[in-house]
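A.B. asks: Sequence:
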Amino acid sequence: GDYALKELLTLDNATLDKLFPSHSTIDNSRYQELMLYFKELNQARNHPGFTFLYHYQEYVSQSKNPYGYTQFMEHYRRKYAKIKGSMKLEHDPGKELFIDFAGKKLHIIDKQTGELVPVEVFVAILPNSHYTYVEACKSQKRDELINCCRNALNFYGGVPKAIVSDNLKSAVNRASRYEPEINRSFKDFARHYNCVINPTRGYAPQDKALVENAVNLAYQRIYYPMRKMSFFSIEELNREIKKQLEHYNNLLFSRKESSRRELFQSVEQQYLKPLPETAYELKSYRRAKVQKIGYVYFSPDKSYYSVPYRYIGKETTLHYTRSLVEVYYHYQRIALHQRNPSKGS
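In case it helps, the UniProt record's numbering puts the sequence shown at residues 1 to 345.
The set of hints was computed from the structure by calculation and includes no laboratory data.
Check each hint, because a few of them may be wrong.
[Stated by the list, open to error] Derived DSSO-like pairs: lysine-lysine, alpha-carbon spacing no greater than 30 Å straight-line:
| id | residue 1 | residue 2 |
| --- | --- | --- |
| 1 | K138 | K161 |
| 2 | K111 | K242 |
| 3 | K228 | K242 |
| 4 | K302 | K187 |
| 5 | K187 | K104 |
| 6 | K187 | K242 |
| 7 | K95 | K138 |
| 8 | K105 | K243 |
| 9 | K161 | K243 |
| 10 | K273 | K39 |
| 11 | K104 | K228 |
| 12 | K95 | K273 |
| 13 | K289 | K104 |
| 14 | K141 | K228 |
| 15 | K141 | K95 |
| 16 | K187 | K161 |
| 17 | K95 | K161 |
| 18 | K187 | K64 |
| 19 | K141 | K39 |
| 20 | K289 | K314 |
| 21 | K39 | K138 |
| 22 | K243 | K228 |
| 23 | K105 | K242 |
| 24 | K289 | K95 |
| 25 | K283 | K273 |
| 26 | K104 | K242 |
| 27 | K187 | K95 |
| 28 | K283 | K141 |
| 29 | K273 | K161 |
| 30 | K289 | K302 |
| 31 | K105 | K228 |
| 32 | K208 | K79 |
| 33 | K243 | K111 |
| 34 | K273 | K187 |
| 35 | K141 | K242 |
| 36 | K79 | K39 |
| 37 | K39 | K105 |
| 38 | K79 | K141 |
| 39 | K187 | K283 |
| 40 | K138 | K105 |
With these hints in hand, go ahead and build the complete structure from the sequences.
C.D. replies: See the structure below:
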């Protein structure tokens, strides 16, 4: 005590905290007010540019009897000591979506034979909010993977800047260590959704741990509750997965006052880009020479499609979906037709 009252009034809270460390019992209403503010703070913590100082200033402006900064931080550390990385930002919201297939398969029952048929399980996670998507599919093949990615983006209601896979065979043509080449269909999918596919980065160790953790939690929260149930189709299995997933995403994190869904809705969702107006249709490709009559022959449907006469004799590439056939010459589209599967049209 060598300070006069006038001098004490000029000191900031942090200095006052150091001068008068509090060993008294916690003022309950003041403490409860701080705990309520921490709930708000935790929801904002995943925003880029977050700082504790900014939120401390906001708290002081709202509170009639605020704690000093040192005590504010001390209470926060005490309450949330176990949140890994609680003092730093791990992942920017809306930046990346991690995808993988679970190591353990689920099963459906073949109605005819009664045999158990193994099915793959696709897992996607937004690393900022940990909001998770899970879906069963027939295989890890390209078409199934793209379909799962499309369903995941519909589930999130938006598109991240990048989709990161750890060298999934169905996403790349060859798993070269230095430059895995993304297959053409996946590139096309990314173009449609205005994002990049990034298998070249692979997973950093902390990302790998995050994805493995998401898969392990899927085993606990989705596989385990379904262990005694029987399913006779992938659709039936996915209906139950959807129910379990809903419950899982709504569970509160063990040391946070919010769930994956709440974190996603309050922070990450606004950073996702909007979905395109039309859903992606899977494309296939084949070569075709323009015939003398100015048509290309499309063998899957035994059909002919017209192109401008100046391309007669040229080698073209056909890009086709269930509903469309596009004809490309030197990466430029020269014709577009509704697909007509009636033979010999």
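A.B. asks: Taking the hints in turn, state whether each one holds.
C.D. replies: Here is how each hint holds up against the structure:
no.: 1; hint: K138 <-> K161; in the structure: 28 Å, holds
no.: 2; hint: K111 <-> K242; in the structure: 23 Å, holds
no.: 3; hint: K228 <-> K242; in the structure: 17 Å, holds
no.: 4; hint: K302 <-> K187; in the structure: 28 Å, holds
no.: 5; hint: K187 <-> K104; in the structure: 28 Å, holds
no.: 6; hint: K187 <-> K242; in the structure: 28 Å, holds
no.: 7; hint: K95 <-> K138; in the structure: 29 Å, holds
no.: 8; hint: K105 <-> K243; in the structure: 18 Å, holds
no.: 9; hint: K161 <-> K243; in the structure: 28 Å, holds
no.: 10; hint: K273 <-> K39; in the structure: 27 Å, holds
no.: 11; hint: K104 <-> K228; in the structure: 16 Å, holds
no.: 12; hint: K95 <-> K273; in the structure: 10 Å, holds
no.: 13; hint: K289 <-> K104; in the structure: 46 Å, violated
no.: 14; hint: K141 <-> K228; in the structure: 28 Å, holds
no.: 15; hint: K141 <-> K95; in the structure: 26 Å, holds
no.: 16; hint: K187 <-> K161; in the structure: 14 Å, holds
no.: 17; hint: K95 <-> K161; in the structure: 5 Å, holds
no.: 18; hint: K187 <-> K64; in the structure: 56 Å, violated
no.: 19; hint: K141 <-> K39; in the structure: 43 Å, violated
no.: 20; hint: K289 <-> K314; in the structure: 6 Å, holds
no.: 21; hint: K39 <-> K138; in the structure: 42 Å, violated
no.: 22; hint: K243 <-> K228; in the structure: 16 Å, holds
no.: 23; hint: K105 <-> K242; in the structure: 17 Å, holds
no.: 24; hint: K289 <-> K95; in the structure: 42 Å, violated
no.: 25; hint: K283 <-> K273; in the structure: 23 Å, holds
no.: 26; hint: K104 <-> K242; in the structure: 18 Å, holds
no.: 27; hint: K187 <-> K95; in the structure: 18 Å, holds
no.: 28; hint: K283 <-> K141; in the structure: 14 Å, holds
no.: 29; hint: K273 <-> K161; in the structure: 8 Å, holds
no.: 30; hint: K289 <-> K302; in the structure: 15 Å, holds
no.: 31; hint: K105 <-> K228; in the structure: 15 Å, holds
no.: 32; hint: K208 <-> K79; in the structure: 28 Å, holds
no.: 33; hint: K243 <-> K111; in the structure: 23 Å, holds
no.: 34; hint: K273 <-> K187; in the structure: 18 Å, holds
no.: 35; hint: K141 <-> K242; in the structure: 22 Å, holds
no.: 36; hint: K79 <-> K39; in the structure: 11 Å, holds
no.: 37; hint: K39 <-> K105; in the structure: 38 Å, violated
no.: 38; hint: K79 <-> K141; in the structure: 46 Å, violated
no.: 39; hint: K187 <-> K283; in the structure: 11 Å, holds
no.: 40; hint: K138 <-> K105; in the structure: 10 Å, holds
Checked against the numbered hints above, the structure breaks hints 13, 18, 19, 21, 24, 37 and 38 and satisfies the rest.
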